[in-house]
Amino acid sequence: MGSSLRLFALTTAAFLLGAIPAAHAALPDHVMEANASRMAAGAYHTCALRTDDTPTCWGDDGNHQAAVPDGTGSLRAIAAGDYHTCAIKTDRTPLCWGNNSHDRATLPDNIGTVTAITAGGSHTCAIKTGGTPLCWGKNDDGQSTIPDGIDTVTS
Numbered sequence: 002m003g004s005s006l007r008l009f010a011l012t013t014a015a016f017l018l019g020a021i022p023a024a025h026a027a028l029p030d031h032v033m034e035a036n037a038s039r040m041a042a043g044a045y046h047t048c049a050l051r052t053d054d055t056p057t058c059w060g061d062d063g064n065h066q067a068a069v070p071d072g073t074g075s076l077r078a079i080a081a082g083d084y085h086t087c088a089i090k091t092d093r094t095p096l097c098w099g100n101n102s103h104d105r106a107t108l109p110d111n112i113g114t115v116t117a118i119t120a121g122g123s124h125t126c127a128i129k130t131g132g133t134p135l136c137w138g139k140n141d142d143g144q145s146t147i148p149d150g151i152d153t154v155t156s
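Its first residue numbered 2, the sequence shown is counted upward by one per residue in the working numbering.
These are calculated hints, taken from the structure and not from any lab test.
None of these values were measured; they are calculated from a predicted model.
Where hints are given, some of them may not hold.
When the alpha-carbon atoms are kept at most 27 Å apart in a straight line, the in silico DSSO-like pairs for lysine-lysine are as follows [said to hold, decoys possible]:
| hint | residue 1 | residue 2 |
| --- | --- | --- |
| 1 | K139 | K129 |
| 2 | K90 | K139 |
| 3 | K129 | K90 |
Quick list of the computed label-pair ranges, beta carbon to beta carbon [as the list claims (entries may be wrong)]:
| hint | residue 1 | residue 2 | range |
| --- | --- | --- | --- |
| 4 | D62 | T153 | 33 to 39 Å |
| 5 | G150 | T107 | 24 to 30 Å |
| 6 | N101 | G143 | 18 to 24 Å |
| 7 | D92 | A68 | 19 to 25 Å |
| 8 | T52 | T94 | 19 to 25 Å |
| 9 | P70 | D141 | 27 to 33 Å |
| 10 | G150 | A68 | 36 to 42 Å |
| 11 | G150 | D62 | 38 to 44 Å |
| 12 | P134 | R39 | 18 to 24 Å |
| 13 | I151 | W59 | 30 to 36 Å |
Glycine included, every Cβ here is placed at the ideal spot set by N, Cα and C.
Could you build the full structure based on these sequences and the hints that come with them?
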């Protein structure tokens, strides 16, 4: 089964189970034709990397979380949060866009290059090249504070 067909089947199943409102059930044509190789689902938007590693996002774009910045090009990875999206460029530098409350989409000065990235509701975490974990954004429940003893993470 091709990637676009699997993506369609997954979305259709979620719609039938009531997880996706009817207005958001249909995948855009550019996704169905894209043969996506990877995808990430946020609270109100979804992103995929096509087989040529170019990104596409769809769904709610009220905070510009589904509007891939012009000139983004090919990506290694993509992560979708509630109202923001983050990705890793081919040179391993991270990129985030969308809602920036709590600085969830503002990259820390010391981030450098990364091997993995994930987007939470109002925070973001990445694994720096070399394995050091780093989180930023909202931290009211300690979600952006790396616990003592977690010095290196393998992705």
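Going down the list of hints, with the structure as the test:
A threshold of 27 Å between alpha carbons decides the hint, and for K139 with K129 the separation of about 19 Å falls inside it, so the pair holds. Between K90 and K139 the CA atoms are separated by roughly 24 Å; this keeps the pair inside 27 Å, and the hint holds. For the hint linking K129 to K90, the alpha-carbon distance of about 13 Å falls within 27 Å, and the restraint holds. Under the hint 33 to 39 Å, the C-beta atoms of D62 and T153, about 37 Å apart, fit the expected range.
Between G150 and T107 the CB atoms are about 27 Å apart, so this pair conforms to the stated range of 24 to 30 Å. Here the CB-CB span from N101 to G143 is close to 21 Å, well matched to the stated 18 to 24 Å. A beta carbon spacing of about 22 Å between D92 and A68 agrees with the range 19 to 25 Å that was offered as a hint. Range check, T52 to T94: Cβ separation about 22 Å, and the 19 to 25 Å hint holds.
Hint check: P70 to D141, Cβ distance near 28 Å, so the stated range 27 to 33 Å holds. Separation of G150 from A68 is about 39 Å and conforms to the stated range, judged on CB atoms against 36 to 42 Å. Evaluation of the 38 to 44 Å hint for G150 and D62 yields a pass: the beta carbon distance comes to about 40 Å. Take P134 and R39: their Cβ atoms lie about 21 Å apart, and the range 18 to 24 Å holds.
In this structure, I151 and W59 meet the distance hint of 30 to 36 Å, their C-beta atoms being roughly 34 Å apart.
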